[in-house]
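Spelled out, the chains give:
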Amino acid sequence: MPYLGGEEALRELRRALANPHVQADRLRYRAAVLRVIRMPGIQEYLQQPLLSGLRDKASYVRRAAVLGCAKMLKLQGDCEVDGALVNELYSLLRDRDPIVVVNCLRALEEILKKEGGVVINKPIAHHLLNRMADLDQWGKSEVLTFLLRYRPRSEEELFDILNLLDGYLKSSSPSVVMAATKLFLVLAKEYPHVQADVLVRVKGPLLSACTSESRELCFTALCHVRQILGSLPGHFSSHYKKFFCSYSEPHYIKCQKMEVLCELVNDENVQQVLEELKGYCTDVSVELAQGAIFAIGNIARTYTEQCVGLLTELLGLQQEHITSAVVQAFRDLVWLCPQCTDAVCRALPGCEDAIQDSEGKQALIWLLGAHGEKVPNAPYVLEDFVENVKSEMFQAVKMELLTALVRLFLSRPAECQDMLGRLLHYCIEEEMDMAVRDRGLFYYRLLQSGVEVVKRVLCSPKSDPSLGLLEDQTERPVNTWASEFNTLAPVYGRERWALITAHQPVEPSYACSPCTDSRNRDTESLISEGNKEVLKVHPDTGSLTLIPDVYLTAEQFEKTWLSLDMSCHLSLPWCGTVHPDTIQTALHVVHIQTIAMSKAGVQPWKAYLSAQDDTGCLFLTELLLEAADPEMQVSVKQSEAKPEALQAFISVLRTVMGAAAGLGS
Amino acid sequence: MGRAVYGGGSPPFLTPPTAPQPLISRNYKGDVGLGEIEHFMGLLLQREEEGALAPLLTHGKVHFLWIKHANLYLVATTKKNSNASLVYSFLYKVVEVFCEYFKELEEESIRDNFVIVYELLDELMDFGFPQTTDSKILQEYITQESNKLETGKSRVPTTVTNAVSWRSEGIKYKKNEVFIDVIESVNLLVSANGSVLLSEVVGTIKLKVFLSGMPELRLGLNDRVLFELTGRGKNKSVELEDVKFHQCVRLSRFDNDRTISFIPPDGDFELMSYRLNTQPLIWIESVIEKFSHSRVEIMVKAKGQFKKQSVANGVEIAVPVPSDADSPKFKTSVGSARYLPERNVVIWTIKSFPGGKEHLMRAHFGLPSVEKEEEEGRPPISVCFEIPYFTVSGIQVRYMKIIEKSGYQALPWVRYITQSGDYQLRTS
Chain S
1 MPYLGGEEAL RELRRALANP HVQADRLRYR AAVLRVIRMP GIQEYLQQPL LSGLRDKASY
61 VRRAAVLGCA KMLKLQGDCE VDGALVNELY SLLRDRDPIV VVNCLRALEE ILKKEGGVVI
121 NKPIAHHLLN RMADLDQWGK SEVLTFLLRY RPRSEEELFD ILNLLDGYLK SSSPSVVMAA
181 TKLFLVLAKE YPHVQADVLV RVKGPLLSAC TSESRELCFT ALCHVRQILG SLPGHFSSHY
241 KKFFCSYSEP HYIKCQKMEV LCELVNDENV QQVLEELKGY CTDVSVELAQ GAIFAIGNIA
301 RTYTEQCVGL LTELLGLQQE HITSAVVQAF RDLVWLCPQC TDAVCRALPG CEDAIQDSEG
361 KQALIWLLGA HGEKVPNAPY VLEDFVENVK SEMFQAVKME LLTALVRLFL SRPAECQDML
421 GRLLHYCIEE EMDMAVRDRG LFYYRLLQSG VEVVKRVLCS PKSDPSLGLL EDQTERPVNT
481 WASEFNTLAP VYGRERWALI TAHQPVEPSY ACSPCTDSRN RDTESLISEG NKEVLKVHPD
541 TGSLTLIPDV YLTAEQFEKT WLSLDMSCHL SLPWCGTVHP DTIQTALHVV HIQTIAMSKA
601 GVQPWKAYLS AQDDTGCLFL TELLLEAADP EMQVSVKQSE AKPEALQAFI SVLRTVMGAA
661 AGLGS
Chain D
1 MGRAVYGGGS PPFLTPPTAP QPLISRNYKG DVGLGEIEHF MGLLLQREEE GALAPLLTHG
61 KVHFLWIKHA NLYLVATTKK NSNASLVYSF LYKVVEVFCE YFKELEEESI RDNFVIVYEL
121 LDELMDFGFP QTTDSKILQE YITQESNKLE TGKSRVPTTV TNAVSWRSEG IKYKKNEVFI
181 DVIESVNLLV SANGSVLLSE VVGTIKLKVF LSGMPELRLG LNDRVLFELT GRGKNKSVEL
241 EDVKFHQCVR LSRFDNDRTI SFIPPDGDFE LMSYRLNTQP LIWIESVIEK FSHSRVEIMV
301 KAKGQFKKQS VANGVEIAVP VPSDADSPKF KTSVGSARYL PERNVVIWTI KSFPGGKEHL
361 MRAHFGLPSV EKEEEEGRPP ISVCFEIPYF TVSGIQVRYM KIIEKSGYQA LPWVRYITQS
421 GDYQLRTS
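These protein sequences, in sequence, are chains S and D. Take 1 as the starting number for the first sequence in the working numbering and just add one per residue. Take 1 as the starting number for the second sequence in the working numbering and just add one per residue.
With the rest of the complex left out, here is chain S (with noise of 0.2 Å):
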């Protein structure tokens, strides 16, 4: 009876399910229940039957029933969750049936949702343990990811519970072992060494997963090996030649292994490694050759004297793509390692010719500016580039012509002076773009204040090797990323998923395990010591002084946040409409930092707020108001436990809503 519409077809479901006897056909019932849940006004009828079905003898009843309960009180939304449900839910925790125990989590999950989630204490979490042998992969994997809620409470307990899950490591089904995995290193998070060695044995079921059938298991895989390699650099160096590309692999996966290349890199698989990604240089993608290209790059920065020398080799061939590649992984270089400009240097006469797209231009251009009078013929291939400016189409090109031309008129002066002429009066006269001929006119200004101005102006460090080292700081300690482990994050990569998640309001989101415990926090305050104007925030707050124009990031915020436990939560009367600027004003004034809040209008309403006092003890809050609920509910979090400062920050905190309150309406 799937996808019912009509009337009619309504009715006799409504009669159906409200006979008695029901549960006598049970296939019915199921298909009822799954499907049909979710059409209006068949949620009364389903109360009843849902109930009972939790004690059917038929398992496949049970567990259609169990997930018809969330989908029941997701679908009435805002009422009141039934107690008796929710112990009914967790005593089925103990059902003989594999599926409906793992349904049972999943629906708990759901209808605790606001609080916190499925609890998981001692007794559950062994009880889950023991029956992990029975469940299937899905369960097995969601199980494995619920109990990474628990804390053991010795570290007897906490080595028992790894020994029995060791198994999982080398499960066939890659989700288990991704799911295992991360468990471990998120339970084994003060036993570095326990960690270490986890890795070492998920090493074989990774590298297996990395050459798995299935090219996405494949690329996450690869996005997982990636991960660990920024923590353990030399942890698959030895299996390089595993992350050798095959023909017929996708493009994302073949980016995906070479960025492996570049990080497993070392003195002795280095030629192995060169050789190999020389061979995608010449590949008839250009994205792939020239990712190829920038790895080399890459590596360049340890193993310096070898990839130039590759690079140069590349530059013979005279391919548009290629040429201009090599010649930006050059730029790229020379700024953190200057040992190799004059290998460099030597290495750009006759680019040009082969250039043809913006990025090249620019970065041979800059290469020109920066180190022209290393590089004999660099007048002359400038002068080529202002003699064609007129039909440059790039204006990022232009740009970079001007500064290289001014940089190089400094070091070579009688052979640049009149093309520099030339360059300026087309600039300032014929050009069209406003951003170049602002550039034009602002060196000829320049210039006419004297050389030694422009050298003052121009001059900066050529180099910065300083900045290699900042960026390769690889060797991020496991801890940073094994709570998000197995999630999208690494599959997105680090940078992309902060984009991603950069305009998401911060969620709270339990199923992270709250990573360190609040006392034993470094005591390091979050925010830096900026201004130390203090002031006191309320005649009645006493001990209470919260400091002025903190700034807490939404990371830093969410980090926080989910390292806390709850401290205290309470509910302020509300009616009416809110009205964000308003509140955010009046936070303000007592120096309470608005870190994310919803529009006016949004249901329901969210805001996250912090705030920090003179000890450095952080107050983080969430407002949240429901629909057409007459009480805001609010959730403070506390760094440090100081229950005197915390009922203080709570009375600012009421006092300000009360006002914004009666601002508003």
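Treat the hints loosely; a few may be bogus.
Listed next, the in silico DSBU-like pairs over lysine-lysine satisfying Cα-Cα at most 30 Å (straight line) [what the hints assert, rightly or not]: (1) Lys93/D with Lys203/S; (2) Lys79/D with Lys114/S; (3) Lys203/S with Lys244/D; (4) Lys170/S with Lys236/D; (5) Lys189/S with Lys244/D; (6) Lys61/D with Lys559/S; (7) Lys559/S with Lys114/S; (8) Lys203/S with Lys236/D; (9) Lys244/D with Lys241/S; (10) Lys172/D with Lys57/S.
No lab work stands behind these hints, which were simulated from the structure alone.
Place chain D on chain S using the hints.
Here is chain D on its own, set in the frame of chain S:
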């Protein structure tokens, strides 16, 4: 996987560019809007054009995790920060189940079976969570005559209530038999200068079980660790790496005493897999000389580097040729060669290739005097073959014990085969 698997989880199927509307979709949880999927195809094409395609795309807050099968895209959508490998595994499972139901999964088979497809989607996943995904069990109660479900009198599927979730009770066969296939597939990657980059064997032991009741099976292999445990010397034993088992195998017993014991599912399944490194079995040397505007000369030498007693069957060596080549001429020391212009390869077929032998093929192609503009890739030489009665690893099934409470006698049959997997040799 956090709070929920596929937040809005729906694996809808859609046909490529012609139809932006999904062919079929199922919204399990309702937190991703039905319209979101309409962004998918455009996003995919856009990324493809940019050369930045990945199996994970995003539009606003919605993540699309997709796989492609034949001419269909299977897409799971979610807003949650889900577990990617689980989602992909599930999508592949869906493909597997559909293939077992409809033989082939393509647009047509979906269109012809809408009702059953929706029923399967409902059984596979509920509220965004995977449920029963074993096609054997599904086949017990979702049958091709789909109205059976709705009669109300239909039998309760026992498997869904069993303690052993992968096997039903009350299975009966007149003749009790087990077929064991030991299949080793060889993956090879050789660089253009002839150095071996990768050469490994992925072994699988597949079972076809026709046994009544609830039999208890025990499989004995010449496993080196087991031989060492029991003090039986190392020779004739093999060392297996990266061993993985079907969920029916009792892992604790394997860990304790290396015994592989299990209650098998009915019918076909993969009992275990392993891998090990090896030497290349068929070695290829090639010289491809291209004289621009006139001709291509190809010389390929193939050598069987396996035991003399064994014979590789159905050997097919595919050698790439330029796409504008014409007038092929071949000379082979054994077998036959033919030109497949649609794939731009010469296929050299050798029906039977004994170990230790060496064979030669020469090919000659003309090239047009006007050269093609675009550059071509350098596809590798690939090889297909099959060596029956032979395993690279030397793995042997020493015994298969079958115990059932009714005490019937059952026969195990064993077959060994080695075949080519991803077997590629790059050309310069």
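Against the structure, the hints come out as follows:
no., hint, result
1, Lys93/D with Lys203/S, "25 Å, holds"
2, Lys79/D with Lys114/S, "18 Å, holds"
3, Lys203/S with Lys244/D, "14 Å, holds"
4, Lys170/S with Lys236/D, "26 Å, holds"
5, Lys189/S with Lys244/D, "27 Å, holds"
6, Lys61/D with Lys559/S, "20 Å, holds"
7, Lys559/S with Lys114/S, "19 Å, holds"
8, Lys203/S with Lys236/D, "28 Å, holds"
9, Lys244/D with Lys241/S, "23 Å, holds"
10, Lys172/D with Lys57/S, "26 Å, holds"
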